[in-house]
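Protein sequences, first through last, are from chains D and V. The opening residue of the first sequence carries number 1 in the working numbering; numbering runs sequentially from there. The opening residue of the second sequence carries number 449 in the working numbering; numbering runs sequentially from there.
These aren't lab readings, by the way, just hints derived from the structure by calculation. Glycine is no exception: its CB is placed at the ideal position from the N, C-alpha and C atoms. Worth double-checking, as some hints may not be accurate.
Stated by the list, open to error - Some chain D residues well away from chain V (every beta-carbon gap over 12 Å; in silico):
1) Glu16
2) Pro20
3) Arg21
4) Ser43
5) Arg49
6) Arg50
7) Asn58
8) Ala65
9) Val305
10) Tyr370
11) Asp373
12) Glu387
13) Arg394
14) Glu414
Stated by the list, open to error - Between beta-carbon pairs, the in silico distance windows are:
15) Gln509/V with Ala433/D: 56 to 62 Å
16) Val662/V with Arg420/D: 52 to 58 Å
17) Glu414/D with Gly582/V: 25 to 31 Å
18) Ala433/D with Tyr536/V: 52 to 58 Å
19) Lys446/D with Gln509/V: 31 to 37 Å
20) Glu366/D with Lys632/V: 38 to 44 Å
21) Arg420/D with Glu521/V: 38 to 44 Å
Said to hold, decoys possible - Straight line, CA to CA, 20 Å or less: simulated EDC-like cross-link-like pairs of lysine to aspartate or glutamate:
22) Lys351/D with Asp585/V
23) Lys589/V with Glu414/D
24) Lys558/V with Glu400/D
25) Lys589/V with Glu400/D
26) Lys601/V with Asp585/V
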Amino acid sequence: MAKEMIKDLSLAAGFEEAAPRLPGSDVAWLDALRAQGIAAFRSNGLPTRRVEAWRYTNLNALAKAGFAPVRGDAELDAVPDGAALALGDACRIVLVNGRLRHDLSSLDQLPDGIAAVGLAELLRRSPADLEDLIAPAPEGRDGVLAALNDAFMEDGLVLQIEAGVSVDTPIHLVSIGVPVAGQAVAFHPRNLIVAGAGSRSTLVESHIGLGEGSYFSNGLTDVTVGKGATLTHAKLQDEGAAAFHVALVRARIADEAVYDSFVLHRGGELARHETHASIEGSGAECRLNGAYLGTGRQHIDNTTVIDHMAPGSQSSEVFKGVLAGHARGVFQGRIVVHRDAQQTNGHQLNKTLLLSRDAEMDTKPELEIYADDVKCSHGATVGELSEMELFYLRTRGIDEATARDMLVSAFLSEAVSELRDETLVSAFAERIAGWVEARHEDRTEKAA
Amino acid sequence: MALLEIRNLHVTVEDKPILKGIDLSIDKGEVHAIMGPNGAGKSTLSYIIAGRDGYEVTDGQILFDGKDMLELEPDERARAGLFLAFQYPVEIPGVTNTTFLKTALNSLRKGRGEGELDAMQFLKFVREKARPLGIGDEMLKRAVNVGYSGGEKKRNEILQMAVLEPVLAVLDETDSGLDIDALKIVADGVNALRSPDNATLVITHYQRLLDYIVPDRVHVLADGRIVKSGGKDLALELEAKGYAQFSSAEAA
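Could you build all of it, start to finish, from the sequences and the hints given here?
Here it is, written out as structure tokens:
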């Protein structure tokens, strides 16, 4: 047996039993995709740290937890106030354990020119429309979790923004994990986002957990940003403390298009947000930004791959994080500039503040450049709070704990300021402030 | 009892003696100046008074209002009424000047058992203090000291002093890097805060600042010791003759 795989295959258990109940089970191309996905998982297993793309993220705990596909509906009558991001009157689409809940969603508030439908509903109603949109998982060991999504995909959001439409109000996808007693539930939401040519819109995701137990969210989102379109895609990962969250976003970016993404990690026991952006057009802009807040024994992984395939486009990445306790952070940022992608601009920055001696950060930039006329840069720093800044604040009467919080908040505010929309800036800043405050109270209690 | 009483203070940094027995006593209502050549220990003295880490007191004590100051954390010293204007004010990216000043003032007010000022009350208060220093709203909104010119940084130190109303202000080389106009603004700001209830310790290399902030006593610090004390005329004498007399005395 290869050392690149974890032998435990319990995540695949129950596939044969579950398959007939999954939507689109009578559709040949989908059946084939599911079969291919489960076969890929069974032959490859979960990747070990010998697989380069998973070198810093150990999935043993995920394998051991015995997650199985969710059965039955979770009981949830309302989305608790303040659980999701505060986005005012945004149209809400709510998934509970991966399943779209019409009763909790406000699909009737969809702006004109935007269509949002559940994947399960479309797979039952008109699967043929989806055949070209649902692309198989990447082959090999890197793509095993995506292959698992291929096999088990059940529901998710299919969002289509008509060409030329411009909408300020964000579409808010709220994914709620609800642990089920006696069951370690796994769900594999699949989202398809198509931004038509020249459109301008915003998709925001809130991933939150209710209750104490564990669950596993294994999402896959395919994004297509059409010619001249701008899509802002922001995400809050604030899963339950014992939850596992793995998400892959595959974005295809056309000529003159802008894909502007941001992710804030705050929750989960193990979380990985992975973006593969393919810049297929010229004059396009790809922005992948993020912030991460880790404490306790949290593990947070941000992995990005940007493929510059066409000339004259730019990409930029700013990821900033704060790690306390025994938290561990990972940033892997790969930029590939293909031979034809002359006059590419690519910039990448990863900065981490470690608030304790036991916190750890692994950061790995990777530039692969096959064109000769490009500007690419990367930078990474891992450090502690500045002794001089702390001293300065304290000489003004500010106690040490408050001074530390001020500097941590200031450090993170720079990451959030990468968001270009004021509503989003304040919604995410509020989440960060809440985290800083909770830590402050924690420490004050311990000190008392 | 003097407001600040430094007795036989010996300080080492990384086992190297920097201050070698300082005695200094400042009463309320007084302005003292400490002058000295580079490397005399002037900045060490200001940092040890403010409570910076990395300095070891091997002998002596600092009493502030009769209390042992060396036992207090830097923020406790500030709440007790001490203020240090930094020679090199520290840049704090991401924290606006307003937030910084408000947090600091409210910490001090809390320490004194007074209520905190809300955002509106604070803004009114800070604008009044900022106006004479030529600091407008735009500068209040910027991140603390980030991108400020040398003169702006020093004026910002004096603004903090005006807002926090210390009992003892230590000005560490506040004149360095200032042109004459900026120097006057800063000196006016300091003089406006002088009262019978507080005191100021001006640490400087040059006599120039003392034309504007006129001291009651002048001390010469050389090689970690106060080698001479006198009235304000001592500063003029130093300006004329330089520090060489003290250094050579040491060497001999």
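Results of checking the hints against the structure:
1. Glu16: Per Cβ check, Glu16/D is outside 12 Å of chain V; nearest 54 Å; holds.
2. Pro20: holds, 55 Å
3. Arg21: holds, 51 Å
4. Ser43: holds, 49 Å
5. Arg49: Holds, since 35 Å exceeds 12 Å.
6. Arg50: holds, 40 Å
7. Asn58: At about 33 Å from chain V, Asn58/D clears the 12 Å cut-off, so the statement holds.
8. Ala65: Its Cβ never comes within 12 Å of chain V, the nearest being 38 Å, so this holds.
9. Val305: holds, 30 Å
10. Tyr370: holds, 37 Å
11. Asp373: At roughly 33 Å from the nearest Cβ of chain V, Asp373/D sits farther out than 12 Å, so the non-interface label holds.
12. Glu387: violated, 7 Å
13. Arg394: violated, 4 Å
14. Glu414: Incorrect as stated: the minimum Cβ-Cβ distance to chain V is 5 Å, not above 12 Å.
15. Gln509/V with Ala433/D: 56 to 62 Å: This hint is violated: roughly 42 Å between Cβ atoms.
16. Val662/V with Arg420/D: 52 to 58 Å: holds, 54 Å
17. Glu414/D with Gly582/V: 25 to 31 Å: holds, 29 Å
18. Ala433/D with Tyr536/V: 52 to 58 Å: Given range 52 to 58 Å: violated, Cβ gap about 30 Å.
19. Lys446/D with Gln509/V: 31 to 37 Å: Holds - the Cβ-Cβ distance for Lys446/D and Gln509/V, about 33 Å, lies within 31 to 37 Å.
20. Glu366/D with Lys632/V: 38 to 44 Å: Distance hint for Glu366/D, Lys632/V is violated at roughly 56 Å.
21. Arg420/D with Glu521/V: 38 to 44 Å: holds, 41 Å
22. Lys351/D with Asp585/V: With Cα atoms ~31 Å apart, Lys351/D and Asp585/V exceed 20 Å; violated.
23. Lys589/V with Glu414/D: Roughly 15 Å separates the two Cα atoms, so the pair holds.
24. Lys558/V with Glu400/D: holds, 15 Å
25. Lys589/V with Glu400/D: Judged against 20 Å, a Cα distance of about 24 Å means the pair is violated.
26. Lys601/V with Asp585/V: The hint holds at about 15 Å.
The structure is inconsistent with the numbered hints 12, 13, 14, 15, 18, 20, 22, 25, although it conforms to all the rest.
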